[in-house]
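Asker: Place chain Y on chain X using the hints.
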Amino acid sequence: MQLALIPFFPLLSFVALIALSKRLSENQVTTIGVAGIVLSFVSALLALILLPENYREILWTWIPFYTSESNTATIQMGFYLDSLSAVMLMVVTFISSLIALFATSYMEDDAEIGWFFACINLFVASMLILVLGDNLLVLFLGWEGVGLCSYLLIGFWRNDIENGWAAMKAFLATRIGDVFLLFGIFLIFSSFGTLSIQEVLQLAENHWQTGSLIATYTALCILMGAVGKSAQIPLQIWLADAMRGPTPVSALIHAATMVTAGVYLIARMGGIFELSPVAQTAVLWIGALTLLLAGVAALLQNDIKRVLAYSTMSQLGYMFLALGAGAYSAGIFHLVTHACFKALLFLAAGAVGHLRGHTYSLLKVNNLRYEIPWVFWAFLIGLSSLSALPFVTSGFYSKELILSQVFESSYGGTLAWAAGAFGALLTGFYSFRLFMLLFYSKGLSDVSQFLKKGASDFPPLAKGGQGGFSNDLSWRMKVPLGALMVLAVIAGFFPITQITDASVIHFVAARTASWPEWIAVSLGLLGIGIGVWKLYPMPITDNIWMRSLGIEALYERVLLSPYRRLSYFMKGDPIRAVYHLGVWLSISVQNLLQSFQTGRTLQYVSAFVAAMVVLLAFWAVI
Amino acid sequence: MSLFELSILPMALGIVLLLGQATFFRQTKLALAIILLSSAVSFFCLPDNLFGQLVALSTVVNALLSMLNPPEPVEEYGVLLLSSSLGALVLCQASDWIYLFVGIELLTLPVYGLIAFEHRNAQNLKAAVKYFVLAGLSSAVMLLGMGVLYAQSGLLDLSLNNPLGGALFLMGVAFKLSVAPFYLWTPDVYEDSPLLVTAFLATVSKISFASILASLSLSLNLLPILMLMAILSMLVGAFLTLKTDQITRFLAYSSVAHMGYVLVAWITDGSVLFYMTSYVISVLSIFAMILWLDGEDLVGLWGKKPLPALFLIFGFFSLMGLPITPIFWAKYRVLTAALVGDYTILFGTMILSSLIAVYGYARFITRICQRN
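Chains X and Y, in that order, give the protein sequences.
Reading the first sequence from the start, the letters are residues 0 to 621 in numbering that gives the first Met the number 0.
Reading the second sequence from the start, the letters are residues 0 to 371 in numbering that gives the first Met the number 0.
Just chain X, with the same shape it has in the complex (with noise of 0.2 Å):
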């Protein structure tokens, strides 16, 4: 029951708001809310602390099947929990909690805020299923689970219809990849007859060859569900979209957790994808891909929710990157620091935006320096680590982790950690040109001037103190603030569990600083440079990087316009026309039929004979 309990408390959280939040005050529904959470928190520390490694609980027989009278398969709802779901584990509830706490200011006063609490709920307990599923299809329960979390969050404020469709988007991007992890799961399922991981990967091991076609099918399968869900190339396009939900869903689903199901998939099933050099090599280069392209899509894009969207697919590039080398601890510590300062950057930004009337665009937001002295610091932290600067921050440690080892990787190579360094630079660069223009900015005159034409356009906003905005954070956002700042600093320096001992002291033992990794740090201190000295507004209007390369066009066509006109096709009811016809065809044939009941016995009499007539005139033919 330990495990059990873990996903059990949101879960109760989750119904109790349902069933209640109409009738109990603002204050009842984010205790209700937060204590889920919290409280899940606890018992994953208790088992952490209480539980013995590798410790599975089975809970109930889920689905028995019987494939034939000897051979029985069953489908068992479990969990399981060793190093890799116990980190997920940790991350996940330990982020949810500070950023429910901060929902709480950020959503006050909002009508549905019941809702919102009952959504983020059923996501932590899909989270939570997901991480410590025990079989493919409990972790698909998971999967699911988030991905509709996901489409309600986006689309939480739904009076303005595109927020619906950017919901509607992410989920038709993620579920591409879902129907590919499906295949997956079948193909797993054809060849094992089961589907519990520990055993899957066993048998995987004992009877697939390496390079054999049926492995890298199932990997690269497996592989396009966590593109899917991790935002990477080619299935990118939903994730800039998805910011329009509120700031705190982007920071939990978007930013630490949800996101990063990809990554943890890849690597829970790593004992399949190294018997597939090709998906192996796969998985490095849509990573390299996908950090270099999202890195300069972020370089231009003018709001601080969209640059973080980008960042965020960008760092979940180089975990592919360190997964695809095989560097699976340094991917899930690179996951880790991630968390911690992307949830940072985030709620930041959230409070930029409780602060200044939901207001994220870098034309009208900005100088903020001595304004919200909080966020600035928040920033600042939670930008040096995002690139990586030397031995003070966590996401240094991890970055150059993933860099060496892909360096060293046979996968790798120097092409792959190439990339990942001009990708440092790019981090750095786009990091702090957010960061001067968000609090060094002379006003909106740099801005428009660059611009030329249409500085009415964008008005900047009434200043604290003169417009009414005010600049005062309540302490349900302080404390995420401050605890998410002092873990984006020391989140790399101690192991969590003996998963992630790739830690300070690792570093600094196992390795002596080497020429790729001198280049790498200087390049991201470059890019840090280049942000801070050129002070460059680049306020975007439309191109081709804001849009993705133009595959979101693609998909535009292909997918999503496709697929909006079938629903509006049905919409209509086509089927029901055939009932129409037959309602149509039954009125009029009564119609005609009554035509007949003239009522004159002549008539009558003139039928009768003609129909004995045709009759036996009918008869005579037959």
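Rather than coming from a laboratory, the hints here were simulated on the basis of the structure.
C-beta: ideal position from N, C-alpha, C; glycine also.
One or more hints might be untrue.
Said to hold, decoys possible - If you want the ones that stay clear, here's a sample from chain Y, every Cβ over 10 Å from chain X, calculated:
#, residue
1, Leu105
2, Val128
3, Gly146
4, Lys242
5, Ser353
Said to hold, decoys possible - Partner residues aside, some chain Y positions facing chain X, computed with beta carbon under 8 Å:
#, residue
6, Val132
7, Leu133
8, Leu136
9, Met170
10, Leu215
11, Leu219
12, Pro223
13, Phe238
14, Leu239
15, Ile355
Answerer: Only chain Y this time, still in chain X's reference frame:
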């Protein structure tokens, strides 16, 4: 005294008594009692003729219903009613063409009088004339058929050994059963006759003509024409029920469809009785309730008078063929027989027809249950 004579004795006695009473002293209650008693006693004098018993039972119900609002003068009414029923009993037990024809005429002729019983009512007169002309035509056709049959075989026993004669005779019967395409008179006559007479036409007349079908054996070369009539009847009846609001007219159309099912029953396994019995039960429950309500609006009846509404709904559900109602079992049996006998077309048409007609019955039920 033979069994046949015994069976018609009570009704004949009833007629004589009523005539005597009309001559010497008129007494409404006594007349009603005589009608009721003679038809009830005749039920027990028909030990092994189920059609006859059904006829007697329907007459009893009719006599009971006439007590609600006795027609004036009731003695004459009783004479006509009893002679018509007497004709029906003769028809049910007929063993040769002569008896059959006498029975048919004895059944039909008093009905004209019954329809036009209130002879100052123009509607009733119109219906009577219409029925008289058309029924006369059909009797002529029937008689022609019998003549051909007799000329062919020289025998009077009931067999359709000559195809042409058989066809002509069956068309005449089809008219009386209001089977398409000879159904045109039905709605008009049903609508314009007094309700009591309509109830009589819809039950006694239908039962006795169906009993002719049961006593005849089907000859194979008549099958196409019968099947065509059955199919037409089922479809036409179902379609016509869809938009009819006047209830007797509606029941007329519904009877067209149901007589189609009866034909199917006869073609597939010859068991007309079961279907007729359940049909008569359902239709009588509706007629009884309409008479009971005496012209009251059906809309929202459930709220005002639940008991009659319940019987009406039962009747409509049964006509619809809803499971556990009498006609459901009858239909079920017919459909099974059609499937077993490989009459796929009849089977399909019957299903389709039942399906279409559901709407018509449901309209009445929703109207009864409507809140206002």
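Asker: Should the interface hint for Y/Leu239 be scored as holding, given a Cβ-Cβ cut-off of 8 Å against chain X?
Answerer: Where the cut-off is 8 Å and the nearest Cβ of chain X is about 5 Å from Y/Leu239, the hint holds.
Asker: Taking the closest Cβ pair, is Y/Leu133 under 8 Å from chain X?
Answerer: With Cβ-Cβ at 6 Å, under 8 Å, it holds.
Asker: For Y/Gly146, is the shortest beta carbon distance to chain X beyond 10 Å?
Answerer: At about 16 Å from chain X, Y/Gly146 clears the 10 Å cut-off, so the statement holds.
Asker: A closest beta-carbon separation below 8 Å is what the hint needs, so does Y/Leu219 meet it against chain X?
Answerer: Not OK, violated: Y/Leu219 not within 8 Å of chain X, min 12 Å.
Asker: Could you check if Y/Leu136 really has its C-beta closer than 8 Å to a C-beta on chain X?
Answerer: holds (6 Å)
Asker: Classify the hint on Y/Leu215 as holds or violated, based on whether any CB of chain X lies nearer than 8 Å to its CB.
Answerer: Since the shortest Cβ distance to chain X is 17 Å, the answer is violated.
Asker: Can the hint on Y/Val132 be confirmed by a CB-to-CB distance to chain X that is less than 8 Å?
Answerer: holds (5 Å)
Asker: Should the hint that Y/Phe238 touches chain X count as held when the rule is a Cβ pair under 8 Å?
Answerer: Since chain X brings a Cβ to about 5 Å from Y/Phe238, closer than 8 Å, the hint holds.
Asker: Would you settle whether the hint for Y/Met170 is holds or violated, based on the nearest Cβ-Cβ distance to chain X being less than 8 Å?
Answerer: holds (6 Å)
Asker: Measuring from the C-beta of Y/Ile355 to each C-beta in chain X, is the shortest one below 8 Å?
Answerer: holds (6 Å)
Asker: At 10 Å, judged by beta carbons, does Y/Ser353 keep clear of chain X as stated?
Answerer: holds (14 Å)
Asker: Just double-check Y/Lys242 for me: nearest Cβ-Cβ distance to chain X has to come out over 10 Å.
Answerer: violated (6 Å)
Of the hints listed earlier, those the structure fails to meet are numbers 2, 4, 10 and 11, in rising order.
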